[in-house]
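Peer 1: What follows is each chain in one-letter form.
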Amino acid sequence: MDLDALMLSRIQFGFTISFHIIFPAITIGLASYLAVLEACWLRTSNTVYRDLYHFWVKVFAVNFGMGVVSGVVMAYQFGTNWSQFSDFAGSITGPLLAYEVLTAFFLEAGFLGVMLFGWKRVGPGLHFFSTVMVALGTLISATWILASNSWMHTPQGYEIINNQVVPVDWVAVILNPSFPYRLVHMTLAAYLATALMVAASAGWHLLRGNDSPAVRKMLSMAMWMLLLVAPLQAVVGDFHGLNTLKHQPAKIAAIEGHWENKPGEAVPLTLIGWPDMKEERTRFAVDIPHLGSLILTHSWDGQFKGLKEFAPEDRPNSTVVFWTFRIMVGLGLLMIALGLWGAWARWRGTLYRQRGLHRFALGMGAAGLVALLAGWYTTEIGRQPWIIHGLMRTADAVTPHGAGEVGLALVLFIVVYFILFGAGIVYILRLIRTGPQSHEPQEGGPGERRTPARPMSAAEEDKRSNDTARG
Amino acid sequence: MGIDLALLWAIIILFGILMYVIMDGFDLGIGILFPFMPDAHDRDVMMNTVAPVWDGNETWLVLGGAGLLAAFPLAYAVILHAFMLPLIFMLLGLIFRGVAFEFRFKAEPDKRHWWDKAFIFGSFCATFFQGVVLGAYMDGLTVIDRSYVGGVLDWITPFSIFTGLGLIVAYALLGCAWLIFKTEGLLYDRMRALARPLTLVLLAVIVVISIWTPLAHQAIADRWFSFPNLIWFAPVPVLVALAAYYLLAALGRKPHAGPFLLTLGLIFLGYSGLGISIWPNIIPPDISIWDASGPPQSQGFALVGALLIVPFILMYTAWSYYVFRGKVRHGEGYH
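Sequence lines, in order, name chains H and P. 353 is the number that our numbering gives to position 353 of the first sequence; each next residue is one higher, with no gaps. If you want our numbering, it's the position in the second sequence, counting the first as 1, plus 1000.
The shape of chain H in the complex, shown without the other chains:
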């Protein structure tokens, strides 16, 4: 592997987007969860919902901050590192990004202040409205950025004039063939990742004997989510795969480690193996006959293109996407298992007592995020060597920098991200360890050491200061 400016730019983009996507994924999931919690609190006046809101909103605040600052980087990296791409296709990705900023980023940021700090500054209705606007903003944001990303996978609605992409039909651009599948798949992935994080937190507290109504409630809610959404995600993923087969057959061939078809023979499913790009075969393959045909063509003997049907320079790296795909699917199956186990335990009335279940949930805490990253690696590396499928190669998209300056930037990103976002993740885990408190927040609100409602008596102030010092 040559560490030239192209490779370094790819690593930098992959590194910064991998860190970044974790935060918005949790933001999307938690914002919707918080909106549900606040709605339940307003409807039922059950303080468990309010306590859970104040617990998770702290995590949300830290997570959101990291999402914002790592996201600003993304908006500029298209130019600093991929200027040829920006000049060529900015006419499509630019307006979509502009709409994301206008309809989503501002909405989130505008109502975030009230959501985090306005609990007693505005009425309950307005506060709930703010939470809903933030949650809506996260979903609108996902919609635009996935429209843009999907267009790079399945471009349509454009013409090429003077070596520049010119949009001719915006509806076709936005509603490109892979967009609906990617949008649903990613949104559900964000919900699953968040539900797994919530379930793991509940499992951790229950395992340590911190059995409170709030902890029970969050375990219960997360388990319902997993039970319903994990299987749904598998179905959506299947549709997404069929769509990919239609529009990006090389990606599917690489995912399956499928090199060639024999006349009249069904395609097996290779469970595990090591696709070897040089030898053009999958070594150590463990096959299940017919299953490949069944999954991808929904027929017993159906065939789909093998990698050898594509010129070597047009093939994505099968070794990588074969495995990233299997990591994603494997974790997805474990999520379904966790959801079913939770349902069984609930039916037996042991949901809050089964230590094995709680341990499983704890172990799966990061599984949603790992699966989400693995899925993105699959689809993005599977699009290579193209940056815009069939239109522009990644090698032609990169800014003509020298390796020196790109290397310097990459090292800085790696150092700063690991230190700062590493610290942030530690703080999030620490907040989770504290657990939900069963009273109105009196200190330690988001961005605040103490957040009293109105001027306090000196005694109360002192007591609070002591609490803070001990906390």
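A portion of the hints provided could be inaccurate.
[Unchecked claim] Below, simulated SDA-like cross-link-like pairs (lysine to any residue); rule was C-alpha separation at most 20 Å, straight line: (1) P/LYS1111 / H/VAL320; (2) H/LYS120 / P/PHE1324; (3) H/LYS262 / H/SER299; (4) H/LYS278 / H/VAL320; (5) H/LYS120 / P/ALA1318; (6) H/LYS120 / P/LYS1111; (7) H/LYS120 / P/HIS1330; (8) P/LYS1117 / H/ILE419; (9) P/LYS1117 / H/VAL415; (10) P/LYS1111 / H/LEU431; (11) P/LYS1117 / H/LEU412; (12) P/LYS1111 / H/PHE421; (13) H/LYS217 / H/LEU412; (14) P/LYS1327 / H/ALA374; (15) P/LYS1117 / P/HIS1041; (16) P/LYS1111 / H/ALA423; (17) H/LYS120 / P/ARG1329; (18) H/LYS120 / P/TYR1316; (19) P/LYS1111 / H/ILE425; (20) P/LYS1111 / H/ARG430; (21) H/LYS246 / H/ASP314; (22) P/LYS1117 / H/ALA423; (23) H/LYS217 / H/ALA343; (24) H/LYS246 / H/TRP259; (25) H/LYS305 / H/ARG208; (26) P/LYS1111 / H/VAL426; (27) H/LYS120 / P/TRP1319; (28) P/LYS1111 / H/ILE419; (29) P/LYS1117 / H/TYR417; (30) H/LYS120 / P/TYR1322; (31) H/LYS278 / H/GLU309; (32) H/LYS120 / P/LYS1117; (33) H/LYS120 / P/ARG1325; (34) P/LYS1111 / H/PHE418; (35) P/LYS1117 / H/PHE418; (36) H/LYS305 / H/LEU269; (37) P/LYS1327 / H/VAL122; (38) P/LYS1117 / H/SER299.
Simulated from the structure, these hints should not be mistaken for lab results.
Assemble chain P onto chain H, guided by the hints.
Peer 2: For chain P alone, kept in the frame of chain H given last:
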């Protein structure tokens, strides 16, 4: 064609960047002023004055980038290519200070000073490199055949270093005036005392840039000192002098919002001055907004959104500031 889309987009982007400079300017300024206020409680108050609004402020920067990519992809590609390093330094600075907002209150008390330092470093770093990019941008970029062909370090010039330092002064004054507006007591007094020297230094910076740019660039000299432009643009320096005079006068009394509004005026005038110098180029010295325009289909589509949505953004942003109106006191946050 009926509508000059490039012109409208140039106005929107100029407006977006102005909003950014004003709004993130005062919250970056608070980081720049941190070293002057070592007391932990004062720092809590300073941070609390911007905690609910800072990331909305930063969103204007993203709008600037996205708008540029949407309407002038060539300019986006060339400018970001040329200024990769200083822009990445700026982004890293923004990360340092952005995470400090939340992390500061989550750290153990004995470790909190690390996040204060991150906040200070990040604010200085982001501001300085913004100013450097501004200066290097004014100096112009070498472009051949739609590609930047200058060197990796071309952005380092005496002028760009000067504008980097100058922007630190400008943001410090914005932050200072914001704190005069939002605080009281000792903190207020300190800021009021600090505002006067900051104003004088900023005036000196404005004067130096006003002399330096026409001397260095004949085109800028022609723009300002030819007839009848001289008359049209004469109000800019006159208004700068007036705003500075009223600002210094206000600081002598017991001011409230006055210094902040007057500083906004000063920044706006300085910004207009720079705009007048390079208009209508989007990649100085000679690529105009029309040369760098993306396809009208892109500009038109995004324009509809911008014109429809920006008024709503301004409305709910104003509402958010209204919710958190009034002075922020020691030991009192926003709940």
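Peer 1: Quickly compare the C-alpha distance for P/LYS1117 and H/PHE418 to 20 Å and report which way the hint goes.
Peer 2: 18 Å, holds
Peer 1: Quickly compare the C-alpha distance for P/LYS1117 and P/HIS1041 to 20 Å and report which way the hint goes.
Peer 2: With Cα atoms ~15 Å apart, P/LYS1117 and P/HIS1041 stay inside 20 Å; holds.
Peer 1: Is it true that the CA of P/LYS1117 sits at most 20 Å from the CA of H/TYR417?
Peer 2: Answer holds: P/LYS1117 to H/TYR417 is near 17 Å, not above 20 Å.
Peer 1: Does the structure keep P/LYS1117 and H/VAL415 at a Cα separation of 20 Å or less?
Peer 2: 17 Å, holds
Peer 1: Can you confirm whether the C-alpha distance between P/LYS1111 and H/VAL320 stays at or below 20 Å?
Peer 2: 41 Å, violated
Peer 1: Below or equal to 20 Å on CA atoms is what counts here, so check H/LYS120 against P/TYR1322.
Peer 2: 14 Å, holds
Peer 1: Please work out if P/LYS1111 and H/PHE418 have their alpha carbons no farther apart than 20 Å.
Peer 2: Roughly 18 Å separates the two Cα atoms, so the pair holds.
Peer 1: For the pair supplied as a hint, P/LYS1117 and H/SER299, confirm whether the alpha-carbon distance does not exceed 20 Å.
Peer 2: Between P/LYS1117 and H/SER299 the Cα gap is close to 63 Å, so the pair fails against 20 Å, i.e. violated.
Peer 1: Given the hint that H/LYS217 pairs with H/ALA343, test it: the Cα-Cα distance must not exceed 20 Å.
Peer 2: 14 Å, holds
Peer 1: Under the criterion that the straight-line Cα-Cα distance not exceed 20 Å, is the pair H/LYS217, H/LEU412 satisfied?
Peer 2: 42 Å, violated
Peer 1: What's the verdict on H/LYS120 and P/LYS1117, does the C-alpha distance respect the 20 Å limit or exceed it?
Peer 2: With Cα atoms ~31 Å apart, H/LYS120 and P/LYS1117 exceed 20 Å; violated.
Peer 1: Below or equal to 20 Å on CA atoms is what counts here, so check H/LYS120 against P/TYR1316.
Peer 2: Holds. H/LYS120 to P/TYR1316 sits at ~18 Å (cutoff 20 Å).
Checked against the numbered hints given earlier, this structure breaks hints 1, 6, 13, 14, 25, 32 and 38; the rest are met.
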